[in-house]
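Student: Chains G and C supply the protein sequences, listed in that same order.
Residue 80 in the numbering used here sits at position 80 of the first sequence, with consecutive numbering throughout.
Residue 23 in the numbering used here sits at position 23 of the second sequence, with consecutive numbering throughout.
Warning: the hint list may mix true and false statements.
Pairs of lysine-lysine, DSBU-like flavour, derived with a Cα cap of 30 Å [said to hold, decoys possible]:
#1 K41/C - K64/C
#2 K68/G - K14/C
#3 K55/C - K66/C
#4 K64/C - K42/G
#5 K110/G - K56/G
#6 K94/G - K56/G
#7 K64/C - K20/C
#8 K41/C - K71/G
#9 K42/G - K55/C
#10 K42/G - K14/C
Reference listing, derived: stretches of chain C covered by chain G, where coverage requires no fewer than 3 residues with Cβ under 8 Å from a Cβ of chain G [to be verified]:
#11 74-88
#12 107-113
Simulated from the structure, these hints should not be mistaken for laboratory data.
For every residue, glycine included, the Cβ atom is placed at its ideal position computed from N, Cα and C.
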Amino acid sequence: GESVGLHLPTLSVQEGDNSIINCAYSNSASDYFIWYKQESGKGPQFIIDIRSNMDKRQGQRVTVLLNKTVKHLSLQIAATQPGDSAVYFCAENKAGNMLTFGGGTRLMVKP
Amino acid sequence: GAVVSQHPSRVICKSGTSVKIECRSLDFQATTMFWYRQFPKQSLMLMATSNEGSKATYEQGVEKDKFLINHASLTLSTLTVTSAHPEDSSFYICSAFDFRSSYNEQFFGPGTRLTVL
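Produce the complete structure using the sequences and hints provided.
Tutor: Below is the structure:
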C-alpha cells in the first residue's frame, strides 16, 4: 500500500485467505528493511526483516520479498487470522541505524 | 527478547506545562535510543536520536529547546515536552538499539499518549 496522506490505505481480507501488503521505499542505498505490526494504542511490533543481499525471507506464516530493481517490498501473510488485524509499516534502515517508516497499511480481517 | 518500557502510558496536561516521558531498556543496554512522534492515522516520524552520554541529534523541524532529551545511562532516556501546547498532543514512541544485534534491530516501547488541554 502507498501512503495517501492522512487516510491509511486499507486491505480487507477474509479469514483464512492470504494477505499481501506492499511498500515502496525511497533510498536505493538502504541495506536493511523491516516490517512492523502496530495495534491500536501500542508501539510497533517487529514481524520480519531482510537484508539487501537477499530477495526473500520466510518466517512463521509471513514472507518478505524485496525487489531492489524497483525499490519494492512486500509482506505476505498466509492464512490470515483476526489477530492479524492491525496497521503494518515497512521501514528502511538508511544510516546510523536510523529507520524511515513508510505510510502504513491497515489490514482488516473479516471472520 | 529485549523489552522497552515507557512511562507514563498516558498523560493529560494543561497548556504551558512541561511533561517528562521516560524510556527504559529493561534487559539490555541501549547505547542509542530514538524518539518518534505519531499523529492519528499517520506513520512514525523520527524526532531525535539520543546517544548515551552525549547530546541528542534532532531531525529537521524539531525544536531542541522544546523537546529536551536526556540519555544519562545505558538503560534510560527521557523526553521532556516543555511549555506544551495542544498541537503537541500526539503518541510518542521510543525505541532502543541493542548493539549486540547483528541485524541492528530496534526494539520499540509501547508508546505514551500525550493530550494537552
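Student: All hints are to be evaluated individually against the structure, with a verdict given for each.
Tutor: Evaluated hints:
{"no.": "1", "hint": "K41/C - K64/C", "in the structure": "holds, 25 Å"}
{"no.": "2", "hint": "K68/G - K14/C", "in the structure": "violated, 48 Å"}
{"no.": "3", "hint": "K55/C - K66/C", "in the structure": "holds, 15 Å"}
{"no.": "4", "hint": "K64/C - K42/G", "in the structure": "holds, 26 Å"}
{"no.": "5", "hint": "K110/G - K56/G", "in the structure": "holds, 28 Å"}
{"no.": "6", "hint": "K94/G - K56/G", "in the structure": "holds, 20 Å"}
{"no.": "7", "hint": "K64/C - K20/C", "in the structure": "holds, 14 Å"}
{"no.": "8", "hint": "K41/C - K71/G", "in the structure": "holds, 24 Å"}
{"no.": "9", "hint": "K42/G - K55/C", "in the structure": "holds, 28 Å"}
{"no.": "10", "hint": "K42/G - K14/C", "in the structure": "holds, 24 Å"}
{"no.": "11", "hint": "74-88", "in the structure": "violated (count 0)"}
{"no.": "12", "hint": "107-113", "in the structure": "holds (count 6)"}
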